[in-house]
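Produce the entire structure from the sequences given, and follow the hints as far as they go.
In the numbering used here, the protein residues as written are -13 to 181.
With a straight-line cut-off of 25 Å between C-alpha atoms, the simulated DSS-like cross-links for lysine-lysine are:
#	residue 1	residue 2
1	179	45
2	47	179
3	22	42
4	45	22
What follows is a list of derived Cβ distance ranges for each label pair:
#	residue 1	residue 2	range
5	153	45	17 to 25 Å
6	53	30	14 to 22 Å
7	64	-8	43 to 51 Å
8	6	153	35 to 43 Å
9	64	-1	30 to 38 Å
10	52	165	27 to 35 Å
Hint data in this document are derived by calculation from the structure and do not stem from the laboratory. Built from N, CA and C at the ideal position, the CB exists for glycine as well.
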Amino acid sequence: MLRWIGRIFIISGLIVLITVGYLLYDFYLGSNYQTKEAHDILMNYGYNDDDIDVNKLLKRKDFEPRIGEVYGTLEIPAIELLLPIVYGSELEHLRYGIGHDPRTALPSDGEQVFLSAHNDSAFLNIGDLNPGDNIFINTPFGRFEYIIDYSEVAHESETWRVGNNDFEELVLMTCYPFFSLTRPEDRYLVYAKPV
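Dropping the structure here:
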């Protein structure tokens, strides 16, 4: 009897390891594909490895992303993060990168920009960020820099935090605690001001 219980535990452990390994590998491949897609889009609008040709950038009024569209990248040097931003906040939009809640503004609109991602992949290291760290959003209409002001943990029911202000602010959100195998009820939020 004990042998069977031991075998069941070993098989269950292997299934969990294989599942987690597959999910991480799937995220790695998908995020690389979408990052390349975002890179190609940005290259069309004057971005290169060294600088930006501002003459090729779109005007903000001429840019309106569609739901599900990759439109730029989020770059956080402090945690070596560079991932695509998808316009939308449903699960499929967060699968390989960062989702931009369409109820909120785009950079330079003078209102809240709200980005979210999964706590076990894209935003796994977001808890390592500190006040004063820089965040960059690269879009077809420009590169926008923010500096982290503070972070906090809030309950998922506090939906008033999304799009509730009339001044420019970047908010990054993920589930908390990080890399949880259950569905956490708390959210980790990072607030940043434009530079």
